[in-house]
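We have chain A already, so just place chain B on it with the hints.
Single-letter residue listing:
2 protein chains.
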Amino acid sequence: MDRSQIPDIVIGRLPLYLRALRHLEQAGFQITSSQDLGERLGISPAQIRKDLSLFGEFGKQGTGYTVSNLITELKRILNVESDWPVALIGVGDLGRAIANYGGFTHRGFSIEYLFDNDPEKIGTEIKGVPIKAIEEITETIKEAKVKIAMIATPAEAAQAVADMLVEAGITAILNYAPISISVPSHVQVEYTDPIVHLQQMAYYLT
Amino acid sequence: MDRSQIPDIVIGRLPLYLRALRHLEQAGFQITSSQDLGERLGISPAQIRKDLSLFGEFGKQGTGYTVSNLITELKRILNVESDWPVALIGVGDLGRAIANYGGFTHRGFSIEYLFDNDPEKIGTEIKGVPIKAIEEITETIKEAKVKIAMIATPAEAAQAVADMLVEAGITAILNYAPISISVPSHVQVEYTDPIVHLQQMAYYLT
Numbered sequence: 199m200d201r202s203q204i205p206d207i208v209i210g211r212l213p214l215y216l217r218a219l220r221h222l223e224q225a226g227f228q229i230t231s232s233q234d235l236g237e238r239l240g241i242s243p244a245q246i247r248k249d250l251s252l253f254g255e256f257g258k259q260g261t262g263y264t265v266s267n268l269i270t271e272l273k274r275i276l277n278v279e280s281d282w283p284v285a286l287i288g289v290g291d292l293g294r295a296i297a298n299y300g301g302f303t304h305r306g307f308s309i310e311y312l313f314d315n316d317p318e319k320i321g322t323e324i325k326g327v328p329i330k331a332i333e334e335i336t337e338t339i340k341e342a343k344v345k346i347a348m349i350a351t352p353a354e355a356a357q358a359v360a361d362m363l364v365e366a367g368i369t370a371i372l373n374y375a376p377i378s379i380s381v382p383s384h385v386q387v388e389y390t391d392p393i394v395h396l397q398q399m400a401y402y403l404t
Numbered sequence: 199m200d201r202s203q204i205p206d207i208v209i210g211r212l213p214l215y216l217r218a219l220r221h222l223e224q225a226g227f228q229i230t231s232s233q234d235l236g237e238r239l240g241i242s243p244a245q246i247r248k249d250l251s252l253f254g255e256f257g258k259q260g261t262g263y264t265v266s267n268l269i270t271e272l273k274r275i276l277n278v279e280s281d282w283p284v285a286l287i288g289v290g291d292l293g294r295a296i297a298n299y300g301g302f303t304h305r306g307f308s309i310e311y312l313f314d315n316d317p318e319k320i321g322t323e324i325k326g327v328p329i330k331a332i333e334e335i336t337e338t339i340k341e342a343k344v345k346i347a348m349i350a351t352p353a354e355a356a357q358a359v360a361d362m363l364v365e366a367g368i369t370a371i372l373n374y375a376p377i378s379i380s381v382p383s384h385v386q387v388e389y390t391d392p393i394v395h396l397q398q399m400a401y402y403l404t
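The listed protein sequences correspond, in order, to chains A and B.
Per the numbering used here, residue 199 is the first one in the first sequence, and the count goes up by one each step.
Per the numbering used here, residue 199 is the first one in the second sequence, and the count goes up by one each step.
If we strip away everything but chain A, and leave its shape as in the complex, we get:
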């Protein structure tokens, strides 16, 4: 099937499959099944089989999926076989935590550009990456052809930063600021929001 014909909702589930597979791999499992993945993810095994079947034949009837193979295939499908360079804007507590987080590499992303507006931070480094001034966003990102950015600024700065990023050629934004941002339709925006997870669990609390 043509990539553009796959529903967004299916694409949204692939990273969850990939994460579950990585957890399985870390725990030493070599084989899994749609049943097993389904139980871990709260998604029906039929849905998982149907989603994967849109991209090819990855499992065998009766024996299931080879964990490492399916990881490789999903990374290929998701376009994260090698790491994309990522720009992070806002290096407060949250931005610093993100910049120091070791979990991006080997999962498709590498934070290679940091920006902040605090003169005391500009020129310092986190894990070897220098913090540049906000004013340098456009030139730096255009020149390096970076496509992905994360916004970890205060809410009130997020829209202005988003505007600069779009102007610089960014087409995918992960927004940590607790506010909606407006971007042109060719730019993707995702929000990280712990509340979504907490609310889902609250449903089951008594």
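Treat the hints with care, as some may be off.
Because identical chains cannot be distinguished in the list, a pair is counted as satisfied if it fits within a single copy or across any two copies.
Stated by the list, open to error - Straight-line distance between alpha carbons at most 25 Å, and here's what the computed DMTMM-like set of lysine to aspartate or glutamate pairs gives:
#, residue 1, residue 2
1, Lys340, Glu388
2, Lys273, Glu388
3, Lys325, Asp291
4, Lys345, Glu237
Since the hints were made in silico from the structure, they are not lab data.
Here the structure is a predicted model, which is why all the values come from computation and not from measurement.
Chain B in isolation, oriented as in the chain A frame:
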């Protein structure tokens, strides 16, 4: 329909509906439709109508949903009409960012207990909440009957902390540490993972 009969996958979508409705409310919209919500969320309007119909009649044919009403109903369904007290374990860069994040209150949660193992942090406060020693987790959480905790420790400490939380009576854990944790089946665990969002967007990058 009995609450326990609603599929998990439906419950998982309700916080997304609620967030989209809050964005609409912030932007000044008073009325919305399953079509409009669907476009914002990448979920089919039929799915949204079907999900909501499991809980009652919230919209009118032809006029759609009143944003504020649907927010109220979803908060009631999700069990987040008032704020749950939450314990946060690990007050490094990430934990500090979470503790300072203003977005929890009025969305169902209030961080009222902080724990860390750093003697220099213990006894200090963030937004009026004192940081206690890890050793005090069990007694504090048991006494206050806290049910929800967030783990923001380094990966290598997460399992030991999860064990203490379960022992103390916690039944819902949001894990920020980049590692899977094992808990008894009566305990819910969710993971916050920026990579999931980034990978979903990478699919569409060229």
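Hints and how they fare:
{"no.": "1", "hint": "Lys340 - Glu388", "in the structure": "within (21 Å within a copy, 37 Å between copies)"}
{"no.": "2", "hint": "Lys273 - Glu388", "in the structure": "both (19 Å within a copy, 22 Å between copies)"}
{"no.": "3", "hint": "Lys325 - Asp291", "in the structure": "both (15 Å within a copy, 15 Å between copies)"}
{"no.": "4", "hint": "Lys345 - Glu237", "in the structure": "between (35 Å within a copy, 23 Å between copies)"}
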